[in-house]
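J.: In case you want the letters, here they are:
Protein chains: 2
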Amino acid sequence: MSHGFYSACAEFHLWLSWLISVLCKFSYTMCYSLADSDCSPEAGRTSLSRRGASKTGSFKPKNTIVSNSPSTMTTKRRLLLISNSTLHGGGYLEHCQEHIVKFLGKQVKRVLFVPYALHGRDDYAKIARQKFESLGYGLDSVHEAENPVEAVQNCQAIFIGGGNTFRLLKALYDNNLIPAIRKKVLEDGIPYIGSSAGTNVATITINTTNDMPIVYPPSLHALGLVPFNINPHYLDPDANSKHMGETREQRITQYHEEQDTPPVLAIREGCLLLVEGDKATLLGVTGARLFQRGKATSEHDPGHDFSFLLAHS
Amino acid sequence: MSHGFYSACAEFHLWLSWLISVLCKFSYTMCYSLADSDCSPEAGRTSLSRRGASKTGSFKPKNTIVSNSPSTMTTKRRLLLISNSTLHGGGYLEHCQEHIVKFLGKQVKRVLFVPYALHGRDDYAKIARQKFESLGYGLDSVHEAENPVEAVQNCQAIFIGGGNTFRLLKALYDNNLIPAIRKKVLEDGIPYIGSSAGTNVATITINTTNDMPIVYPPSLHALGLVPFNINPHYLDPDANSKHMGETREQRITQYHEEQDTPPVLAIREGCLLLVEGDKATLLGVTGARLFQRGKATSEHDPGHDFSFLLAHS
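Chains A and B, in that order, are what the protein sequence lines are.
Each step along the first sequence adds one to the number in UniProt numbering, with nothing skipped, and position 19 is 19.
Each step along the second sequence adds one to the number in UniProt numbering, with nothing skipped, and position 52 is 52.
The following block holds chain A by itself, in its conformation from the complex (with noise of 0.2 Å):
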């Protein structure tokens, strides 16, 4: 076959991956622009940002108007945003299960697990179904339901446990689950626990998760309940380590390289964020790193106020 033949095809490979992102933009926009327009002005202005880090991610909306002004209204989203499952030395959610209590409150009856981000869908739910029986609320698991749509439609709280994100992620996309969610937070005001993985999918993209892309998600844009990326399982680099891989604090200055990249909230195993409307709050027994693009990284403690991070765009 002509060497001529070859370069040809390899140029319509080129075409159609345009044609393909020029599809993909318009179906991205148009499908969270709708979304948001049935959302609260926080939801727009979340929108708002994914279009300002979308270099990074799959499709790249230009062209778009982007506001900094501060919506005056607050957003009915509840957000736990946990940095890691189990503290080492404790149990399953052990370290977080008080805050995990508070947050949930006595309204909610049931819970819906997500355990897309590991294998074992079945073994999974049964861990986290004995934990939250512990803390006195039912559990389903969304990969038990005929119709996973209708399942988070009809939730009370959902909980989306650690693993995999990219796995996490595609299976998302792939059940269709990242409008209907985003529409169970923003809209209705569901609560929303997410623990390592399902807090980088809570997020705007992500980015910024440590885990290995074991599948290939068809965006890294996530829920985005929030208009910036966390690091969780945020590591310190070891002054007396003789490994050459990046440090932690290296990678995320590698994704600041990029341009139009929100803030990252590297928290620490033990820490928490908890989003009340447009309130965060930073919790746990660790504190956490802000990172941003173009400012020096800064130091919080836990009870810091992290509500400035909420109008970012």
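None of these hints come from the bench; they were simulated from the model.
A few of these clues could be false.
[As the list claims (entries may be wrong)] Cut-off 16 Å, straight-line C-alpha distance, at most; resulting in silico cross-link-like pairs (EDC-like, lysine to aspartate or glutamate):
(1) B:Lys-242 to A:Glu-98
(2) A:Lys-131 to A:Glu-98
(3) B:Lys-170 to A:Glu-258
(4) A:Lys-131 to A:Asp-174
(5) B:Lys-242 to A:Asp-238
(6) A:Lys-242 to B:Asp-238
(7) A:Lys-242 to B:Asp-236
Quick caveat, the model's predicted, so the values are computed rather than measured.
Given the coordinates of chain A, assemble chain B onto it according to the supplied hints.
T.: Chain B in isolation, oriented as in the chain A frame:
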């Protein structure tokens, strides 16, 4: 705006995803099939493996006949795949410089450098140029070329340096260098040196990179110069660690929970793999760990013959 219209929009997005997937399958299969029909029988075998592993990549051609029959002809392929550019306590490429000189030999006068994995391409090229000139070779950086594809077509040898694997792979796609490098290495037999991210992209996919997904490449499929994956900078589990994030071993095991995933050769820092045609040999001062789906992992010292991995499909 009505919820019905919102749902219809989400369904349109799903339908479009399906359409894109079909177009991608067609384009990808066509592009690589033709590339392979232009290449040696080995390249054809590589392509079959790529299809086998495609469930974790962007494109998933189904109903493709996968052959296990090894080719009896050898390919011209010559690769030196290095785990890490710098070993603790040493200078840039110092630990493997003798291997590089022996590998390039006396016929090669100039090396084409690909600096895409780091943001500061000028600085990166300067460091690489200094090193290669100290070894007796001229160095041109592809980012300085007016036409990167032509620079590849005219080069005597290629060196792809480390950094962020996602950024590197995306830039290779953006500059249309994937088919150009494949042709140059698999057909023309020019020497290919990869280090860290440059080693990742030489393999079938970047599914087993350690890097943060700071950008979104159009696929995780890479150059496919060998029909398996590599995990560079391999780190053994640390029994004393209190960190609860997954170990490297757990991450690679999660990859093999996915169907049709190829072997992963995990090479420790200080380790490199020499591929000459259909022969692959482990070099360096540390060992490698081989992960295969459904099999026990195995430990291998420098000098080990990994040629059987080249016949994998």
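J.: Give a verdict on every hint.
T.: Evaluation of the provided hints:
1. B:Lys-242 to A:Glu-98: 22 Å, violated
2. A:Lys-131 to A:Glu-98: Satisfied, since the Cα-Cα distance of roughly 12 Å is no more than 16 Å.
3. B:Lys-170 to A:Glu-258: Measuring from Cα to Cα gives roughly 13 Å; hence the hint holds.
4. A:Lys-131 to A:Asp-174: 27 Å, violated
5. B:Lys-242 to A:Asp-238: Holds. Lys-242 of chain B to Asp-238 of chain A sits at ~13 Å (cutoff 16 Å).
6. A:Lys-242 to B:Asp-238: Satisfied, since the Cα-Cα distance of roughly 13 Å is no more than 16 Å.
7. A:Lys-242 to B:Asp-236: Judged against 16 Å, a Cα distance of about 13 Å means the pair holds.
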